[in-house]
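Q: Chains as they are written, first to last, in the working numbering: chain B, 41 to 612; chain A, -4 to 96; chain V, 81 to 742.
A few of these clues could be false.
What the hints assert, rightly or not - With a cut-off of at most 30 angstroms between alpha-carbon atoms, the simulated BS3-like pairs for lysine-lysine come out as follows:
hint	chain 1	residue 1	chain 2	residue 2
1	V	401	B	497
2	V	539	V	465
3	V	401	B	481
If you're looking for bench data, these hints aren't it; they were derived computationally from the structure.
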Amino acid sequence: MDSFLDLILGNTLTRLVFFPAVACIPLLFLREDGPTGARPVKIYALVASLVELGFGLYYVLPHLGDGGFPLMRDAALDWIPSFGIRYELVMDGISMPLVLLTVFLLPLVLLGSWRGITKHWRAFTAANLLLTTGMLGAFLAFDLFVFYVFWEVMLVPMYLIIGIWGGERRIYAAVKFFLFTLAGSLLMLVAILWLAWTHFDLTGTWSFSYEVLLEMGLPANLQMWLFAAFGLAFLIKVPVFPVHTWLPDAHVEAPTGGSVILAGVLLKLGTYGLLRFALPLFPHASHRAQPWLVAVALIGILYGALVAWVQVDMKKLVAYSSIAHLGFVVLGLAAVDLIAWQGALIQMVNHGLSTGALFLLVGMIYDRRHTKRFDDFSGIAAVMPWFAFFLVFSTLASVGLPGLNGFVGEFLILIGSFRELPVAAAVATFGVVLAAVYLMKLLYRVLWGPLEHEENKSLTDLDLREIVALVPLCALMLWIGFAPQGFLAPSQTALERLHTQYTSRLAQEAPSEPTMAWWRPPEAPDAAPDTLDEGTPLQQARRDDPGREPAVGIGMEASPGASGEGSREVLR
Amino acid sequence: MTVPVTWYLLLAAALFAIGTAGVLTRRNGITIFLSIELMLNAVNLSFVAYSRLLDQLTGQLVVFFVLAVAAAEAAVGLALFIAIYRHRRTIDINRMNLMRW
Amino acid sequence: MLDWLWLIPLIPLASAAVTGLLGPRAPKAAVTTVAVGGPGLALLLALGSLWEYAAIAPEPVTRTLYAWTAGTIEIPVAFLLDPLSAVMLFVVTFVGFWIHVYSVGYMGHEPAPYEHSYQRFFAYLNLFMAAMLLLILGNNFLVSFVGWEGVGLCSYLLIGFYFQNDDRVPPQAGRKAFIVNRIGDFAFLVGMLTLFSVFGTLEYLEIFDAHNAAHVAAFGEPYALGLTLASFVALCLFIGATGKSAQIPLYVWLPDAMAGPTPVSALIHAATMVTAGVYIVVRTNLIFQLAGGVSMLVACIGAATALFAATMALTQTDLKKVLAYSTVSQLGYMFLAAGVGAYTAAIFHLFTHAFFKALLFLGAGSVIHALGGEQDIRKMGGLRKYLPVTWVTFWIGSAALAGLPLFSGFFSKDEILAGAWAHGHWFLWGIGALTALLTAFYSFRLLGLTFHGGFRGTKQEREHLHESPAVMTVPLGILAVGALGAGYLGIPKVLSFGAELNRFHHWLEPVVAHLSGHEAVAHLAVRTEWLLMGATTFLALLGAAIPGIFFSHALPRFQPDYRGTALDDGFAYFLPKVYTVLYFKYWVDEVYDKLIVRPLRRLAEFFWKFVDGIVIEGAIRVGTFLTELAGDFGRFSTTGNVRDYLLYLFLGIIILFWWVFV
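Throw the hints in and build the complete structure from the sequences for me.
A: As C-alpha cells, then:
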C-alpha cells in the first residue's frame, strides 16, 4: 500500500468510502443558476448516489450466499507510523448491514429532497456526500484513531445541513447538535489516547489498532472510566435519556433529507459504537454497567413513547419515537445475548427504514403545506390516498406489526433479553402498547376525520418521484418482515465471533494492572483473516514476484513485503 | 585593591531592578525604553563581571550581541512611537488600549 | 388437498393485495369477482381439506411452508389442522364467505363521500380473512400472533372505515380498539416469550403435549409473581384473550366498534376475531387445567362479563349496540365454559354463536339498509310487514340467541351451564341462568322494537322501505339454517334417548388434554340434567315472554296509537335509577378516561414540559451560562493596556524560572 491514489484505486472498501468524497469534485463544474435551474445538480446527485449504491451492492451481494458474511479487509496503510496509526478498514457481518443501509438511504434522501431544498444544491449534495464518506468510514474503521477521525468528519456536514437548509431555529438546533455530540466525542478521544498510551507503556510501541488493543487487559476500575467515556459518546449519539434533548430540536429544524439520514444512519453509529467498541474493549466494566444500560434503555422506551404522545409537531413525534425504538436496541445490546444482538442489529436497519420512510412522508406533506403541526391537518386521507397508504404502512412497521420488519427486531430482542433480564423484557414489551398510542395519534390527527382546513382540500397526492422514493423502503419492510433470514444470516458468524470474544474476555478475571497479551483471540477464524481482497494488481504482482519491477506503471518504488505486512516505505 | 566581583553583580542587580520598576510603572513610552536600556545595560554589566569571574571571554562576546540587539530594538521602538505620536498626539501608554475587551 | 393447506390463508391475502392496489381503477364487477372469489376459493379449499381430514381425524396434520430463522432460533411457518382448527376453519371460511357475498349488496351503493370505497372495503375484509386464517391455522404461537395482530389491524381499518364522518366517531373507535387490543397483546407477548424461554419452541403440539411428563412437570414449577409457570402463562394468555375477545376489563372497544360497516360487525365482531381469545384458551387448555386458580378467574370473569354486558343490552337504543353487548355477553359464556373445564362446550357455543350472531348482525344491516342508515330502534318498528325475509331470519337468530329450545343456542348454552353445574360451580350456573333470562329478554325486546308494533320513523323512510336484494337475503337464509340446525350437531345425551349424538363433543374431545390425576369429565345424573335444562328453558321462555306481551296485539287495544315503546318507557318509569345506570353503561368509559387516560397524558406532558423542558434544558442552560460567565470574567484580563501585558509577561517569566530551576 504505497500511496493514496493506489489506495483508492486498489481497495474495495476505500473506494466505497471515498467515492462520495471524490464525487464532490465535479460539482464545482456544474451550474445551479442555468436555464434549467438546479436540475443538472439534482440529477448528478442522484446518479452519484446510485453509483455508490451500486458499488455497495456489487461488493456485498456476491458474498451473501455463503452463510455468514466473511471478513472483508482492505490492505492497511501505515498512516502515521510514529504513533502506530494504521489506516485500516474492515467490513464484517456487523458493519455490512449498516453500510448497505447507508448507501441505500443516500439516493432516497437526495431524491426526496428535490422539492424541499431550493437553494445551494451543490453545497447540499456535497454535504450529503461528505457525510456519507464520514459515516461509511466510521462503520468500517478498525483503527481507533481513524474511527475517531471519521466520527468527527460526520459532524460538520450534518451541522451544515441543519444550519443552512433547516427551519426557523436551525442555528440553535445545529449548534446544539454539534456541541452535544462533540462533548461526547472529546471524552472518547481522551479515552482513546489513554488506551494508546497504556499500550505504549506496556509494549513500547504505539498502536491504535482495535484488534491489538483488544488483547490488552485492563483493571476493572480503569475500565469503568474508559467505558464511561466511550459509552457516553455513543449514548449521546443514540440518543438515550437524559442526553437526548438535541434530537427533537435537530429533527424538527433539519430539512427532510437531513432528518432521514440523521435518524436513519447517524443514530445507528451510536449503537454500532457500543457494539463494536464500548462493549468488547471493556467487558468487565460493561458487565457492571449493565443494570444502568438496561435502566436507561427502558426509560428511553417508555419516556420516549409517552413524550411522543403529547407532541404538537409531527416531526417531534417521530423524533421521540426514535428514542423509544433505539431504547429497544440498547436493551438488546445490553443483554449480551446472541439472539438479542441479532435483533438489535436488524432493528438498527429496520429503524432506519421505517423512520426514514416516516420522515420522508412528513417531509412530503411539509413540502405541500409548509407546516408540521397537527392542528393544521385532519382528514388528509380523503385527498391523498397514496400518502395515507404509505403513512399507514410505515406507521405499522414502526409500531411493530408482525409481518413487517419492526416486529422481527423487537421480537428477537425480547426473546434474547428475556432469559437474562425477564423483568426488563416484560417492561419493554409494554412499550409496544405505548408505541401504538402515539402512532395512532399520528394517524388519527393527520389522516382521519373530516377535512377541516380549506388549504388541505386542494392537496395533490404523491407524484411518481415521491412514490419511487418510498417504494423501496416499503418493499424492504415487507421483505424483512416475512423472510428475515436473508437479512439475519450474513451477520450471524460475525456476531457469534464477537459474542464469544466478549464472553471469553468476561470470563477471565480483570488484571490488577494493565497487561498486554492478556487475551488472545481464538485461533481458527481470526488467526488468518479470510481476506477477500486480493489487493491491487500491483500488490498481486509484488506478491507473486517480490523482486521484480511491477509493470503497472504508477511510478512508485518497489517496496519489500507483500499484502500489508512488514515495514514499508510510505510515500507521502 | 581590586573591586570584588560581588559588588559588580550587586550593582547590576540594582540597575536591573530599577529598570524593571521603570518598565512596569512609568507612563511615558520613552521612559519605558530608557528603563529597558537600563535593564539591558545591567545585564551587560553582569555578563562582564561573570566573564572576569570565570575567566572566559564568552561573556564579553555576549555583551556585543546584547548591545547590537539593544540598539536595533531602540531604533525600531522609537520609530514606532513616532508613528503612534503622529496619530494620537500622545505617547502615554495608558491611552493606548484599543485592544480592550 | 391437504398439502395445499398453506394456500388457504394466502389466497385471501393475494386477493386483498390485488383488490387494494388495482381496485381503484378497476370496474366494480372485477373487484367483486376477485374480492368474493378469493374467500370463495379459500372456502372450497377448506371444505376439501376438511373432507380429507375427516378421514384421518383426530391425528393432527402439519404442513410447513418455510422456516423463519434468526441464527439459533428457528420457527417454522407451518399450518396445523386438528379437530379444533378444523372447526374454526369451517366457521371462518363459511361465515366469512357468505358475509362477503352479503357485502356486495350492502356496500354496493354507499352515499357520499364513500362512493368509491367499495374496493377499499373488500381489500380490508380479505386481508382480515387472511389474518384470521393465519391465526387459526398456525401451528405455533408466532404464526398465530401474526394473525392475531393482523386481525387487530384490519379491525382498526374497518372500524374506522367511514373516516370522513364529521363527528370523527369511526376513527376514534378504531383507535380505541387498536390500543385496547394492544394492551392484551402485550400480555400475550409476555406469555409467548416465557414459553419460548422455557421450552425453546413455540409450537402448540410440542409445548402442550399432555404425554410429555417433563413438560407437564415444568409447568408445575414456580415461576414468577408467586405463580407456577402454567398459571403465569395462562394468566398472560388470558389477559390477551380478554383484549381480543372483549371481556372485563378490556371490553370497552367492542360497543364503539359498531361505528364500522355492519358486515364488519358481523364478521369480525361476532363470528371470528372476537372468538380468537376463546380459541387460544382452548388451544392451550393444558395449562389452564394445570392452573386451577387462573381457570377459576377465567370462569368468573366470563360469567361476570356475561351478566354485566347483558344488563347493558337491556337499555341500549342503537340496534347494533344491543347486538354488540350481546356478543360480549355470549363471549362471556364461552369463557365461563372454558374456565370450568368444559372446553368443547365453549367451542360449541362459539360455533353456534357464529351463525346466529352473524345472522342477527346481517339482519340488522338489512334493516339499516332499508331505512337508509337509521340505527336507532326507537325510530323503527313494525318492519315485519316490509322486510319479511329479514324478519323471519332475525326471529330465528333471536330465538337461537335466547336459547329457546330446538334452536342452536339452546344446545350450546345448555351444555355450558350443565358443565358449570357438573363441576360444582353452582354460583356460576346461577349467574349463567340469570343471564339467560336477560338474554332472552333483550333479544326479544330488540326484535319487538324493530319489527313489531307501529312504525315510528319518518314518512320518507317508510316510503323507501324495501326488502333487501337477493344477494343479501340469501346469506341471511343460509345463516338462518345454521342458526337453526347447528345445534343438532351437539345433542346432549339426555335428549337423544341414549344414543351418542353429541358429535361435536366427540370430534373435539381429543383436543382437550387428559392429564393423569385431573378428572376433567364430570357426569350429571340424568334427573339433574333434566331439571337444569328445564330451569333454563323456563327462564328463557319467561324472558322472551315479557317483551312478547308488550309487542303482541294485546296492548294496542288499550292504546290505539301505541307505538311499541311501552317496554322501555315502563322500565324508565318504574326503575329510573337502574335504567340510568344501565343506559349510561355504568360510566365505565368515563372511569377509564379519568383514571387512566388523563393521568397518563398528564404524566406525559409533565415529562415533556418539565423534565425535558426545564430540568434537562435547564441543566444545559446552566452549562452555557457558566461558560459565558467564565468568559465574562476572563475577558477582563484583556485590558488593552500594554503595561498590564508587560506585567503578565514578567510574572510569567518568573513563574517559568521558578518551575524550571526550583
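Q: Against this structure, judge whether each hint is valid.
A: Hints, one by one, checked against the model:
1. A C-alpha spacing of about 34 angstroms is found between residue 401/V and residue 497/B, which places the hinted pair above 30 angstroms, so the restraint is violated.
2. Distance restraint check for residue 539/V and residue 465/V: the Cα-Cα separation of roughly 16 angstroms lies within the 30 angstroms cut-off, and the hinted pair is therefore satisfied.
3. At roughly 26 angstroms between alpha-carbon atoms, residue 401/V and residue 481/B fall within 30 angstroms of each other, so this suggested pair holds.
In the structure shown, a violation is registered for the earlier hint numbered 1 alone.
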